[in-house]
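Undergrad: Residues per chain, in single letters:
Number of protein chains: 6
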Amino acid sequence: MKLKKLVLTGAAGRLGSYLREPLSKMCDELLSTDISDDIGTLYPGETFVKADIAKFDEVEPLLEGADMVVHFGAIVDERPFEEMLGPNFVGSYNVWEAGYRHGVRRVVYASSIHAVGMYPKTEFIDTEVPHRPDTFYGLAKCFTEDLGRMYWEKRQMESVHLRILSAAQVTNPRALGSWLSYDDLIQLVTRAIDTPVVGFTIAYGVSNNDRAPVDNARAAFLGYRPKDNAEQFAKEILGEAEPADPMDSGTMCHGGPFASVELGQSAVKGMGIVDDRKKT
Amino acid sequence: MKLKKLVLTGAAGRLGSYLREPLSKMCDELLSTDISDDIGTLYPGETFVKADIAKFDEVEPLLEGADMVVHFGAIVDERPFEEMLGPNFVGSYNVWEAGYRHGVRRVVYASSIHAVGMYPKTEFIDTEVPHRPDTFYGLAKCFTEDLGRMYWEKRQMESVHLRILSAAQVTNPRALGSWLSYDDLIQLVTRAIDTPVVGFTIAYGVSNNDRAPVDNARAAFLGYRPKDNAEQFAKEILGEAEPADPMDSGTMCHGGPFASVELGQSAVKGMGIVDDRKKT
Amino acid sequence: MKLKKLVLTGAAGRLGSYLREPLSKMCDELLSTDISDDIGTLYPGETFVKADIAKFDEVEPLLEGADMVVHFGAIVDERPFEEMLGPNFVGSYNVWEAGYRHGVRRVVYASSIHAVGMYPKTEFIDTEVPHRPDTFYGLAKCFTEDLGRMYWEKRQMESVHLRILSAAQVTNPRALGSWLSYDDLIQLVTRAIDTPVVGFTIAYGVSNNDRAPVDNARAAFLGYRPKDNAEQFAKEILGEAEPADPMDSGTMCHGGPFASVELGQSAVKGMGIVDDRKKT
Amino acid sequence: MKLKKLVLTGAAGRLGSYLREPLSKMCDELLSTDISDDIGTLYPGETFVKADIAKFDEVEPLLEGADMVVHFGAIVDERPFEEMLGPNFVGSYNVWEAGYRHGVRRVVYASSIHAVGMYPKTEFIDTEVPHRPDTFYGLAKCFTEDLGRMYWEKRQMESVHLRILSAAQVTNPRALGSWLSYDDLIQLVTRAIDTPVVGFTIAYGVSNNDRAPVDNARAAFLGYRPKDNAEQFAKEILGEAEPADPMDSGTMCHGGPFASVELGQSAVKGMGIVDDRKKT
Amino acid sequence: MKLKKLVLTGAAGRLGSYLREPLSKMCDELLSTDISDDIGTLYPGETFVKADIAKFDEVEPLLEGADMVVHFGAIVDERPFEEMLGPNFVGSYNVWEAGYRHGVRRVVYASSIHAVGMYPKTEFIDTEVPHRPDTFYGLAKCFTEDLGRMYWEKRQMESVHLRILSAAQVTNPRALGSWLSYDDLIQLVTRAIDTPVVGFTIAYGVSNNDRAPVDNARAAFLGYRPKDNAEQFAKEILGEAEPADPMDSGTMCHGGPFASVELGQSAVKGMGIVDDRKKT
Amino acid sequence: MKLKKLVLTGAAGRLGSYLREPLSKMCDELLSTDISDDIGTLYPGETFVKADIAKFDEVEPLLEGADMVVHFGAIVDERPFEEMLGPNFVGSYNVWEAGYRHGVRRVVYASSIHAVGMYPKTEFIDTEVPHRPDTFYGLAKCFTEDLGRMYWEKRQMESVHLRILSAAQVTNPRALGSWLSYDDLIQLVTRAIDTPVVGFTIAYGVSNNDRAPVDNARAAFLGYRPKDNAEQFAKEILGEAEPADPMDSGTMCHGGPFASVELGQSAVKGMGIVDDRKKT
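Residue numbers (the working numbering), protein chains in the order written: chain A, 33 to 312; chain B, 33 to 312; chain C, 33 to 312; chain D, 33 to 312; chain E, 33 to 312; chain F, 33 to 312.
Please note that the accuracy of each hint is not assured.
A pair counts as met if it fits within one copy or between any two copies, since identical chains are not told apart.
Said to hold, decoys possible - With a straight-line Cα cutoff of 25 Å, these simulated SDA-like cross-link-like pairs (lysine to any residue) come out:
hint	residue 1	residue 2
1	Lys36	Phe265
2	Lys87	Gly296
3	Lys186	Ile107
4	Lys310	Asp260
5	Lys259	Ala249
6	Lys259	Met58
7	Lys57	Thr154
8	Lys87	Pro278
9	Lys37	Lys267
10	Lys36	Pro93
11	Lys37	Ser68
12	Lys301	Phe265
13	Lys37	Asp158
14	Lys37	Pro228
15	Lys36	Pro278
16	Lys34	Thr283
17	Lys186	Pro228
18	Lys186	Gly302
19	Lys37	Asp69
20	Lys34	Gly271
Hint data in this document are derived by calculation from the structure and do not stem from the laboratory.
Small disclaimer: the values here were computed from a predicted structure and weren't measured.
Isolated chain A, as found in the complex (with noise of 0.2 Å):
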């Protein structure tokens, strides 16, 4: 069952230079976009056009005769609501509404931890949870996954929120439980797009790592078995590490730095995440 055609939103972006390669052989076309347009060699076909996620007008072209849409486009840190209101909600409603007028069966996204970011990690949460977000960032996971969802009961056109804990390397003691290796990351976008009928479904994007603290049961069909595990990095980490503060939610709480930063301001700031695109 290849695929016609693929779009994949956020192409520039760190995660989406690793699934260009993996998403072009799957599909006869890969139409990648982003904002920006440092992209690079395109891989056979691929087709790059640059827009802005947050006009319904850029979008809603890109998406004709679409069989399904990979949505890792939106800012990737904390900022201020009016700043995210553009890319992180509206950009979703284009992406689904677009869709569905082009008829795309299903949109894969790049959710996020940062829904239910509150919980903390002595609560093994499941995919059903109510939303608990830690930031605006979070927020407008919560809401892109009600979106899906309500695209799904009302309109038949199929999800999978892919909520990645944190994919960048393993450089704290948080990152022992929540990476995501970039192979497994491709691995479970790639789950998200074989398997054949998902309707609205919502998965963590955790590699196998010892101290995972997530439970991806009701996704279990989707046959995501992670292969990396983080425990690799065990014994440095915690050896270099200070002795933790339990009261405070940026290590109690599944969203780490997020659940503890205010509102609106960086999260990612400091948390060393070395930019380790890979370039074509």
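Given chain A, put chains B, C, D, E and F in place with the hints provided.
TA: Okay, now just chains B, C, D, E and F, sitting in the frame of chain A:
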């Protein structure tokens, strides 16, 4: 514990018109606001300021010195997303953010059954079930509930979200279960204000109908005990009713007509809701 | 919404005798049937046909043109499986299958607490707990509920399953909790008929007893609000009661004597149930 | 089923003083005991023996021939662990163990909301939630409930654990939800005695307050239906109340002042509990 | 703990043919039976008796002296109710009742996913969910599970109900999740026999597929750890698959084709199940 | 994050003897203590102080300057309540209270399956099920868990409660599910120490046995991944096992022999536990 200042948004609306008088008695100053200025005579202690809830700069100054906000201002029907974005989404953000900046203690919000309208009535839904919006209108309620939860968990600003079922005359079989009388509405808003602490709380707004289909147990500490019962209208209404189609989501789901209407199109049209606004 | 035609099985039975008059008023034609023809005087609009529920060919023609069937015909005690197979198992199949072929919209079925009779009373069982039958009699109720659910999910034929606790005089301590008065039975059957859509619904048939041990919350939308309360008999009955053995499943379990009787042997014998059939 | 002999511990305490008369009417002999002998005039059929519940040898002989024990004897405030160990922990063991040796059928125990006092009121807690004690006082209640469950499961000795919320005058906002009137206390103890079988059962002791924050559903079979409602005091009490701090566990948690007091220090001091002991 | 005598029904069927050899090694005597006598060469210790499971008099004598029965005899496709009544309903009763009379300790039963086939795959169903049969075939499994639970609770006769998903070659996308290999089937039956006590237990029969959609946690104590994984076939099968319709219950529900077939009509036809019976 | 000082109670016990060496490597100073001084050679960095855990004055000074306490000191068998009161109840209080006074961050406690030993194995119990102790031994574990939860919620002192199933040789069928190897014990204690924040956490101590009957999901964030599997002993042990009685709580319940032993009487006697204390 008489309050110094309360702010009521949507004061010129149908429900707002019934709240003005009782709210004016609970505080030294009631500041009523609406996008319309068809407000009639003011009650003792009441002042009115016309404002567009969708504009932060218009909303913000109104909340100075307020103890609580009763937030009922919004479009109260289904419309295209673009039309609802300002008043129903951004408007909620404006109220919470402005309230936070001014030290407002609590927001009492007119949420709606349409945040969970796609559940079938054969599920007795409590206030912790995940969102299942039936319309963009419902999606805005989901957004605001999640926003309110976040402001509680990140900023300790309280809110009570009243998921009103149908606060209108009983003219069809669904309303035998979903009716919220004006007296019960007033009791519910009063409890949401006079309960000493509420944190983040959701409560269904429904009268003591025999056929009430939702579960308020988790909000029991509010002490809301509705008095009216739509069963008084049952004989007449059921006597005239046509056989219903159990496969129609508009009949089977909690959201009623909103659950079967096309997204973006009015669900209220044809429901025969009389504008029985309380005149002052 | 007056119904054209209702069919009542088990019309000559004890409970059936109380249902004939109210049902006859809800429809143009009430077709009563039973394996016995001891039916007395017919009510206006009522006709009677003697038939063996266990024989498809006898049941099938009766349902022609019917809107709904109220299915109370069965052996109402524990007996060897071989004796119950026809009336209590095959009989249910016959009603649903014949109903389906004739376009019947809904079956209202006399199920029983004995479908879940092995739960201890210290569990407040709702209508979604897995089956735990206490007798072959209860097993037939399980079978019929599962059958009804399947006809709903595969064929969109509705049913309401009334798990009656004990519709008989209050003569022992168990009945203080389990009593269903005839008036409340009539209300319950009426709601099961006049509720516009029901899908597949289970409801416990019990009066408003202080000691009622079961949870009807999921069926709340039916609007069943029983009026009678067996507590009026408590003083006399408890005054005479012997100390009970907490290890006896007949005392501790919801099923009462059925929970302790040997499979296949009468559990009604010795319960002192008076045949107070309503005479016409 | 009049009982031969009942034993009441804590008979000279505030709650005990209200129970002596009704208990004396339910049995041939009521043996009242307390560490204090300030017992006043005895009721017909009542005898009194002074005893220290913490001493097995003093308790044990009292239970000879008893059908049931109503165990209310304990320190009823928070104190250092060392002080509570004897009366509140060992005392409970003494009652159950001595009862077992004498063939006592059932213990009715004054447990407390403080066994679960750290739950926030926004959780409507039922009687199966895990323990979350707020004080050593509450911890003793947890200990006794677990002990009672074990004696039921290992030795078939029944018990009912009455988690009393606040059986005192309504003098603050919390009590609007937590009040247990003396009449309702008597009804609750009566049901715990006259229900034929109870196994191991927990029930909350709270009146029919509009704002009652706990769920007695699992104990429904006891038939406890409280009559009093603290809402009669709401207007006056809320009118005088200061704004509350939602981050204060003493306001937000079920345990009230016990939830915020330092372990080992009196939580009752300053609550204004009047000693309105029933005089005989 | 080698068993003296095991009885295997359905021994000439496809699954039975794989069980005969391993079962023959677990006991002194394996009595195999089937309505067909196409049984091939017997294994050491095996005897064969042709019998119709629907006839009590043919089944009953076979169970004399048996420790356990492995009950796989039934029609293994959907057929009209009248055809299934004997072998699939009455047959189960015959096995349990005859077993009870002969003191058989345990029945290991070939139940099926079709007892709960109407659940959507987006629900990760455990072994305690209420029944939702998809066919008369599934309804017979529900009946037998309830029967087995009753024989355990009333008569202390144990049973394990193996809800087999699809024990056939992997030829379609559904089977990537539902496949049960013959080796894993044998392991599962072995555990159901060798576990010292089982009471009443349900376990899903599925291999260690990446996409296995059901939850065996409650049966964990059996120690069933499947080894095979259908993912080895994924690439080829998904490559050839047509896009699926998410609104088709045959695709979306656990029951697969059984969930969409008309009641009473073969669901196996066209599934391409090869008769790879093990030849002896 | 090497710790400065760890305290190990019960250091001369069977499990303690295996913990001393690994613990000594995790900190600058390991202070081992026991009521027995049969401690053998000390490890580098280890000191030993003989003390009676039941005496506050002996325990208190040991905890000065400690980061964490690993609390394994207790009677490890069932005994009369009076004998257990000191070491198993008061001893726990002493550790927590002394720890609190000295600013100890965390207690890692040897809890036990016997806190929930009366659950049948057919329930896959997680770490949030209510207590169901099987012995006074188990009751002390319940007491300590509740105590630990209170110190966390009232005083922000962390604890991890390891509900050990059976850390002894595999000599009977129950141990095929309940075995905890010494290596896995060490891993579990290590995780309980090196996880940055734990709040109040319960985890089952069991190896990666095929037949492990308990659910550690809620403690997933600890990253405990046991390596050993008792299934290696299954063939031999099951081959020799006698048929078991499913009505015997000692066979059917998680607590094993503790679930059937008379309260106060040794349950370990006759279990064939070899004292394979690690010699130093």
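Undergrad: For every hint, state whether the structure bears it out.
TA: Do the hints match the structure? See the list:
no.	hint	verdict
1	Lys36 with Phe265	between (41 Å within a copy, 23 Å between copies)
2	Lys87 with Gly296	both (23 Å within a copy, 19 Å between copies)
3	Lys186 with Ile107	between (28 Å within a copy, 21 Å between copies)
4	Lys310 with Asp260	within (19 Å within a copy, 35 Å between copies)
5	Lys259 with Ala249	both (17 Å within a copy, 19 Å between copies)
6	Lys259 with Met58	within (21 Å within a copy, 30 Å between copies)
7	Lys57 with Thr154	neither (40 Å within a copy, 27 Å between copies)
8	Lys87 with Pro278	neither (43 Å within a copy, 30 Å between copies)
9	Lys37 with Lys267	between (45 Å within a copy, 19 Å between copies)
10	Lys36 with Pro93	within (16 Å within a copy, 54 Å between copies)
11	Lys37 with Ser68	within (22 Å within a copy, 48 Å between copies)
12	Lys301 with Phe265	within (22 Å within a copy, 45 Å between copies)
13	Lys37 with Asp158	neither (32 Å within a copy, 37 Å between copies)
14	Lys37 with Pro228	within (16 Å within a copy, 45 Å between copies)
15	Lys36 with Pro278	between (51 Å within a copy, 19 Å between copies)
16	Lys34 with Thr283	between (44 Å within a copy, 19 Å between copies)
17	Lys186 with Pro228	both (20 Å within a copy, 22 Å between copies)
18	Lys186 with Gly302	between (42 Å within a copy, 20 Å between copies)
19	Lys37 with Asp69	within (20 Å within a copy, 52 Å between copies)
20	Lys34 with Gly271	between (48 Å within a copy, 7 Å between copies)
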